[in-house]
Amino acid sequence: MPLQTNSNARGANPQPNWAPDMPIISLRDVHKSFGAVEVLKGISFDVRKGEVVCIIGPSGSGKSTLIRCINGLNNIQKGSIKVEGQEVNDPKLDLLSLRKKVGIVFQQYNLFPHKTALQNVMMAPVLVLREPKREVEERARALIAKVRLQGKEDAYPGELSGGQQQRVAIARSLAMRPDIMLFDEVTAALDPETVKEVLLTIRELAAEGMTCILVTHEMGFAREVADHVYFTDRGVIVEHGPPDQFFTKANDPRTRQFLSQVL
Amino acid sequence: MSGMAFRIEARRFGGGSFCSHVHWRHGLWLGLAFFGSLVFAYAQSEPGQQVPSAISTLILWLPFILKGFGLNLLMSFIAMAAATVLGIGLGLLQISKLPLLRWPAWFVTHLFRNSPWLVILFMVMFLVPFEMYLPGGERVMLPDWIKATFAFSLPVMANISEILRGAINSIPKGQWESAESLAFTRGQTLRWIILPQCVRRAIPPWMNWYALLALATPMASILGVREAVSNTQAAMEASGARPEFLIPFYLFLLCLFFAYIYPIAIWTRKLERKYAVAN
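Chains as they are written, first to last, in the numbering used here: chain A, 1 to 263; chain B, 264 to 542.
One or more of the hints may lead you astray.
[Stated by the list, open to error] In silico BS3-like links for lysine-lysine, alpha-carbon gap of 25 Å or less:
#1 A/LYS152 x A/LYS115
#2 A/LYS115 x B/LYS537
#3 B/LYS360 x A/LYS92
#4 A/LYS115 x A/LYS146
#5 A/LYS115 x B/LYS533
#6 B/LYS360 x B/LYS436
#7 A/LYS133 x A/LYS115
#8 A/LYS152 x B/LYS537
#9 A/LYS115 x B/LYS436
These aren't lab readings, by the way, just hints derived from the structure by calculation. The structure presented is a predicted model; accordingly, all values stated were derived computationally and were not measured.
Model the full assembly from the supplied sequences, consistent with the hints where possible.
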């Protein structure tokens with residue numbers, strides 16, 4: 001409930017058709033093509049508020065495309081994606097209100113190299129949401145502390161390790177106070193030893209009740225943190241289930257083959 | 264990967280840098296040639312006659328020549344300022360989402376980038392009137408040097424437009440994506456994220472074009488603008504049009520331009536190196 005009041009207070013469109021007990025994200029028969037290549041061939045699933053969902057699957061199975069569709073970075077050709085009842089594919093969509101609700105963290109961090117860590121975190125709330133600078137700075141410093149980077153506020157991205165940059169990127173997304181966080185293979189470009197720091201941050205977020213969708217290759221992490229795991233291959237969801245069941249009793253031969261290769 | 268964002272790649276800015284080829288040794292050779300030519304001119308003057316030497320004539324006319332050189336500098340400053348403002352506008356139009364804006368901007372950019380400067384100079388000289396009437400009815404004279412300045416600004420404008428377009432395109436796509444996902448609009452992304460990163464990349468090629476522009480300003484002498492070269496020619500005429508003066512006087516002009524351009528070249532190289540190693 002507090003989150004919903006919050007987003008109304010920030011001027012988001014009230015969604016009369018949506019209540020917090022309904023799925024916060026709802027995909028129905030989503031199709032997406034790049035030119036002649038159909039990447040998503042009818043994806044449907046629901047995510048409830050506070051749920052942590054992991055999407056796994058071989059490279060090129062459309063996982064990244066899928067989560068980029070959820071915050072409107074990629075548009076879809078057919079189907080429906082609803083975030084808090086708001087249709088993402090609607091041409092009249094208020095993109096600002098969608099992007100305040102949905103944060104995304106990328107594999108390549110994509111920090112702004114000409115700004116310090118603190119400035120990276122503060123930029124969007126100050127410049128886009130026009131929130132008071134002092135208030136945002138307080139929140140930004142708290143977020144940087146939360147991702148365990150106290151003392152790095154004034155460092156430029158080029159002076160930080162990959163894992164540190166990725167945690168700044170997480171803090172930067174959180175500064176918009178999103179209701180949902182999307183993680184697009186956020187540890188795939190990191191050294192093994194820095195992967196842990198980033199996963200720790202995500203684990204804490206999940207434990208606080210943040211709705212998270214993760215595309216990941218970290219099977220151990222998915223098993224531990226996810227409420228639900230989806231396995232995609234060639235643009236469709238092949239199999240899904242709670243992690244205990246998914247990782248031990250997979251039915252589909254494709255899932256079993258994939259798991260035997262990665263586990 | 265983060266190092267990508269600040270890497271300077273000369274090829275993205277169209278051609279190599281002029282400034283990276285200027286060396287102090289060139290200045291030394293120029294200076295030596297100049298002094299050699301003075302001696303040579305002295306030896307060539309007929310022994311019986313009481314005529315002033317090349318060096319004393321040059322010293323006599325130096326204020327006049329330097330006054331002309333001042334006009335070269337003034338033209339280069341004004342042309343560069345105009346070229347920068349117009350070039351940034353044109354470059355931004357070149358990346359517009361609207362084809363109706365993008366195509367004309369592309370056309371203008373490539374038209375002026377690929378035309379000989381002298382042709383542009385003649386076109387502006389003969390197509391732009393020598394006087395104009397403001398909306399209020401006031402008459403404004405357009406002296407030749409102003410028209411020449413405008414003509415020089417056009418090719419530089421086109422090149423700055425390309426520098427900007429190249430710099431914007433060299434910013435990784437991820438910058439746009441992360442800005443978009445943080446609810447920045449396209450305009451806000453350009454203003455706060457993309458353009459600030461472009462400045463560092465674009466300054467060395469921008470300075471390089473300034474140096475080329477300053478070196479091109481003597482072309483205005485063809486059309487009678489009284490800058491350094493035409494004043495030097497006038498000085499030679501006035502002191503008897505002696506053929507042995509030709510080489511020392513023109514070499515002096517070369518030295519003058521070298522002395523002005525060399526520090527700019529050094530500075531440009533320094534910035535190029537600095538931005539290449541940053542990150």
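Hint check:
With a C-alpha separation of about 12 Å, the suggested pair A/LYS152 and A/LYS115 falls inside the 25 Å cut-off, and the hint holds. For the hint linking A/LYS115 to B/LYS537, the alpha-carbon distance of about 18 Å falls within 25 Å, and the restraint holds. At roughly 19 Å between alpha-carbon atoms, B/LYS360 and A/LYS92 fall within 25 Å of each other, so this suggested pair holds. For the proposed pair A/LYS115 and A/LYS146, the alpha carbon gap of about 20 Å is at most 25 Å, so the pair holds.
Only pairs whose Cα atoms come within 25 Å are accepted, and A/LYS115 paired with B/LYS533 is accepted, the gap being roughly 23 Å. Annotation: proposed proximity of B/LYS360 to B/LYS436 holds, straight-line Cα distance about 16 Å (limit 25 Å). Of the supplied pair hints, the one linking A/LYS133 and A/LYS115 holds, its CA atoms being roughly 16 Å apart against a limit of 25 Å. A threshold of 25 Å between alpha carbons decides the hint, and for A/LYS152 with B/LYS537 the separation of about 24 Å falls inside it, so the pair holds.
Distance hint between A/LYS115 and B/LYS436 is fulfilled; the C-alpha atoms sit about 17 Å from each other, no more than 25 Å.
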